[in-house]
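Student: Based on the sequences and whatever the hints tell you, model everything.
Numbering-wise (our numbering), the sequence shown opens with residue 99 and increments by one.
Derived from the structure by calculation, the hints contain no laboratory data.
A couple of the hints might just be wrong.
What the hints assert, rightly or not - Across the chosen pairs, the derived CB separations fall in these ranges:
id	residue 1	residue 2	range
1	Gly157	Ala123	43 to 51 Å
2	Ala110	Gly157	36 to 44 Å
3	Gly109	Arg154	35 to 43 Å
All residues carry an ideal CB built from backbone N, CA and C; glycine is no exception.
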Amino acid sequence: QTTGLILTILGALLKVTGSPEFGIAERSDLGVLILLVVFAAMTSPVTAQRLGRVSRREGLYGAAADMSRNDAPADRSLRRR
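Tutor: In structure tokens:
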């Protein structure tokens, strides 16, 4: 679903850049289309899951006082290494 959306937006990008009347209005359209691609990539479930997994593994947490719930991993792992 996300790949189809991104490919459709990239097709629209190619159509806009190939326009013979490429002016300021078309440049602003390019900005909107690029933002759509970025937001689609950021909100795709696979990307969000990978981003969450990496941040958890790397310990990228805020201060303990700023957390609304305990999202930090345990002090020791339950898995054997």
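Student: All hints are to be evaluated individually against the structure, with a verdict given for each.
Tutor: Status of each hint after checking the structure:
1. Between glycine 157 and alanine 123 the CB atoms are about 46 Å apart, so this pair conforms to the stated range of 43 to 51 Å.
2. Checking the proposed 36 to 44 Å range against alanine 110 and glycine 157 shows it holds: the Cβ atoms sit about 40 Å from each other.
3. At about 36 Å, the CB distance of glycine 109 to arginine 154 agrees with the hint of 35 to 43 Å.
Checked against the numbered hints above, the structure violates none of them.
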